[in-house]
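K.L.:
Residue numbers (my numbering), protein chains in the order written: chain A, 21 to 368; chain B, 75 to 398.
Everything labelled a hint here was simulated from the structure, so no lab data went into it.
Check each hint, because a few of them may be wrong.
Keeping only pairs whose Cα atoms sit at most 16 Å apart, straight-line, the calculated EDC-like set for lysine to aspartate or glutamate is [what the hints assert, rightly or not]:
(1) Lys330(A) x Asp306(B)
(2) Lys30(A) x Asp347(A)
(3) Lys237(A) x Asp171(B)
(4) Lys268(B) x Asp171(B)
Computed spacing ranges between beta-carbons, pair by pair [stated by the list, open to error]:
(5) Pro204(B) x Gly120(A): 25 to 33 Å
(6) Met276(B) x Thr226(A): 44 to 52 Å
(7) Gln324(A) x Asn82(B): 27 to 35 Å
(8) Gly120(A) x Asn82(B): 39 to 47 Å
(9) Val217(A) x Thr251(B): 56 to 64 Å
(10) Gly324(B) x Ala48(A): 50 to 58 Å
(11) Lys201(A) x Ile375(B): 56 to 64 Å
(12) Thr251(B) x Ala325(A): 52 to 60 Å
(13) Asn273(B) x Asn186(A): 56 to 64 Å
(14) Thr90(B) x Asn186(A): 34 to 42 Å
(15) Ala40(A) x Gly141(B): 20 to 28 Å
(16) Ala349(B) x Lys201(A): 26 to 34 Å
(17) Pro204(B) x Arg251(A): 57 to 65 Å
Positions of the beta carbon are idealized from the N, C-alpha and C atoms, including for glycine.
Here are the chains, one letter per residue:
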Amino acid sequence: MSKTLESARKVLLTILLALAIGAVFIIAFGENPFSAYIALVQGAFKGKLHLGTTLSTFTPLLLTSVAFCVAAEAGAFNVGVEGEVFLGGIVAAYLGVNWGFLPVPALMIVCFLGAMLVSAAWAFIPAVLRAYFNVSEVCTTILMNSVALQITSYLVSGPMSAGTANAQSKPVLVTLPQLMKPSNLNAGIFIAIIVVVLVIFMLYKTTLGFKIRAVGKNPSHADYVGISSKRIFITSMMISGMMGGIAGCIQVLGAYGYFLNNFAAGLGSNGMLAALIVRSNVLATPFMAFFLAILNSGAMGMQQATGVPKALVDTITAVFIIIATMDTLFEFKKNSTKKKAKKEVTEG
Amino acid sequence: MMKVIIDNFSNIFNITLIYATFRSAVPIIFAALCAAITQQADILNIATEGIMLIGGFAAVTVSYFTGSWFLGVLTAMLLGAVIAMIMAVGHIRYNADICGIGMGINLFAVAFTRFLLKAVYNTNGAFSDPSIKPIPRVNIPFIASIPVIGDIFNNWTVTEWFVLILIAFLQFLFYKTVWGLRLRAVGQFPEATKTAGINVTMMKYEAMLISGVVGGLAGAHLSLGYSVQFVDNMTNNRGFMGVAAMYFGGANPILTSIGCLLFGLADSIGNRLQAYGIPSQFVLMMPYIVTVVVLAISMAIKLSTNRRKESSLTTAAVAEEAGS
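Kindly produce the complete structure, drawing on both the sequences and the hints.
P.N.:
Now the structure itself:
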């Protein structure tokens with residue numbers, strides 16, 4: 021318990037420090053940081069529209085952040101979630117537009133399955149390259165994100181285009197029920213929560229989860245006790261990819277109703293941010309994803325109310341992880357006592 | 075697509091392609107060298123992208139306000155070093171995960187330059203102005219008069235010439251000097267190096283510092299040499315391609331640069347194909363696909379040669395034992 025408290029204290033200190041650095045930037049921009057932060061909170065919570073927008077921003081972030089964690093549990097650094105969201109979205113859009121011969125519930129299930137399948141296959145490529153050829157998955161997943169973006173961009177501006185000025189697909193025939201109009205919050209948030217709960221259950225209560233964590237802790241030990249570390253690594257990357265696909269499918273069927281070019285920009289990296297701040301702790305990540313959703317949707321309100329650009333909030337969140345990744349930054353007390361102890365030993 | 079290439083073969087593959095390839099490879103070469111320096115000390119500098127972006131912004135800004143390209147490049151290098159030192163302190167002193175803090179720096183660079191673009195120039199997306207002084211081009215009248223060589227070697231920017239010097243210098247530094255030997259020792263065998271009385275931590279800081287300087291230079295070349303503007307997220311994953319090329323060349327400066335030329339070739343052929351009706355998205359994704367494929371193949375080859383070496387060693391050892 022004290023360990024949880026300790027890490028909670030660390031996250032809180034990180035948040036305060038990042039907000040303080042953000043305040044310095046806001047002052048430099050010539051605005052009052054307090055009124056800016058108040059505008060941010062109002063922009064995130066005030067009224068049905070803002071609250072709904074915050075929750076609908078939270079939906080994909082919840083999935084992408086936990087997707088990053090699942091891969092991280094097996095020792096992978098999966099930056100490719102964003103590409104998986106794009107591909108999941110385009111598959112859902114394709115099936116949702118063209119497979120109208122299926123009854124509505126079946127069509128919805130097919131959309132989700134198709135998105136999961138393709139995204140998992142996409143994640144399979146860097147996973148195999150890493151497991152069998154030792155190619156850095158950080159590098160390949162980042163580069164493959166660009167490829168995924170270009171593929172979907174080609175499809176929605178070419179073969180799958182709706183013929184509108186904006187590059188987007190035709191509206192899908194099956195949509196998730198909308199909640200809290202006029203925001204685009206939809207029933208996808210429940211799907212996301214259920215998926216995340218299932219994944220957390222899988223990680224901590226099933227054999228597969230145990231194997232994934234074992235591989236993440238020490239792959240050679242896992243191999244020694246008869247767990248194929250390579251296979252488990254690939255499996256966890258594919259689960260991570262599937263979650264990205266689900267996020268893309270929810271965005272297309274729920275939030276937009278069609279595939280909008282470049283819709284997932286930042287979803288993957290923000291999810292990664294959320295996971296990195298709490299060091300890929302699966303239980304804490306959803307809360308961090310919610311916090312980032314508040315920052316992201318509140319930033320729009322802040323931009324309108326005070327003229328502080330949204331990019332500043334992104335800067336603050338980035339400062340966040342830079343501070344948060346430093347394991348031992350807030351352990352000065354411990355460090356100094358350790359040094360003292362050492363001194364006493366050497367002197368004694 | 076093949077038909078287009080064959081029909082316009084002579085227009086796509088002509089003498090100017092050589093310089094076009096080199097030109098689009100140079101920013102990636104700088105990035106790859108930035109990553110190679112730290113890789114020799116076993117630190118994966120994934121923040122190359124972010125360092126470049128901040129360097130690029132600094133170079134344009136200083137050049138715009140002072141009218142001196144040299145000051146711009148210098149500032150970019152300095153800022154690159156500062157960012158690298160933040161990373162080094164986080165990683166070495168405070169035990170930060172190098173990928174985590176590196177991605178943090180990258181996201182910070184994208185967001186912060188976007189913010190500054192708005193705050194300083196009040197624009198979104200791109201900033202270009204005639205009063206930005208670019209890095210000058212070297213015009214050698216003697217070479218310009220020779221037909222083929224003139225096409226290839228004339229009018230390079232100063233930094234394009236400098237990259238050749240840098241490659242040679244780093245090659246010498248890594249493999250022919252005591253410092254390079256120590257650096258590689260730190261990367262390969264930190265424990266043994268410590269025993270030999272070398273300050274491992276200090277070596278890592280030094281590697282990060284030099285890497286930051288080169289990364290800043292990479293950004294400055296991108297925004298003042300390769301083009302004369304700053305565009306939001308203008309590095310466009312070049313930093314990561316550099317890291318991929320570094321893997322490809324095993325952090326050896328010369329081999330790494332050859333890898334970069336391959337990506338430059340893919341890029342410049344793609345640009346030419348765009349004129350013949352190939353959808354721009356295919357052109358834009360080509361360098362990334364080439365990078366991933368080349369990286370996969372090169373790592374597979376490396377792995378199999380390593381395995382062969384290992385197995386021949388073990389069989390030799392077994393044979394020796396049997397013999398004795």
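K.L.:
A separate judgement is required for each hint: does it hold in the structure or not?
P.N.:
Each hint, compared with the structure:
With a CA separation close to 14 Å, the supplied pair Lys330(A) and Asp306(B) stays within the 16 Å bound. A hinted pair counts as satisfied when its Cα atoms are at most 16 Å apart, and Lys30(A) with Asp347(A) qualifies at roughly 9 Å. Among the hinted pairs, Lys237(A) with Asp171(B) is consistent with the structure: their alpha-carbon atoms are about 15 Å apart, no more than 16 Å. For the suggested pair Lys268(B) and Asp171(B), the alpha carbons sit about 22 Å apart, so the restraint of at most 16 Å is broken.
Distance hint for Pro204(B) and Gly120(A): a CB-CB separation of about 56 Å, inconsistent with the stated range 25 to 33 Å. One distance hint, 44 to 52 Å for the beta-carbon pair Met276(B) and Thr226(A), holds here, with the actual separation near 47 Å. Between Gln324(A) and Asn82(B) the Cβ separation comes to about 50 Å, which falls outside the hinted range of 27 to 35 Å. Range check, Gly120(A) to Asn82(B): Cβ separation about 42 Å, and the 39 to 47 Å hint holds.
Here the CB-CB span from Val217(A) to Thr251(B) is close to 57 Å, well matched to the stated 56 to 64 Å. Hint check: Gly324(B) to Ala48(A), Cβ distance near 44 Å, so the stated range 50 to 58 Å is violated. For Lys201(A) paired with Ile375(B), a C-beta distance near 57 Å keeps the hint of 56 to 64 Å intact. Evaluation of the 52 to 60 Å hint for Thr251(B) and Ala325(A) yields a pass: the beta carbon distance comes to about 58 Å.
Between Asn273(B) and Asn186(A) the CB atoms are about 58 Å apart, so this pair conforms to the stated range of 56 to 64 Å. A hinted range of 34 to 42 Å for the beta carbons of Thr90(B) and Asn186(A) is consistent with their spacing of about 37 Å. Taken as a hint, the range 20 to 28 Å is violated for the pair Ala40(A) and Gly141(B), whose Cβ atoms sit roughly 36 Å apart. Between Ala349(B) and Lys201(A) the beta carbons are some 47 Å apart, a value that contradicts the proposed interval 26 to 34 Å.
At about 59 Å, the beta-carbon gap between Pro204(B) and Arg251(A) stays in the expected band of 57 to 65 Å.
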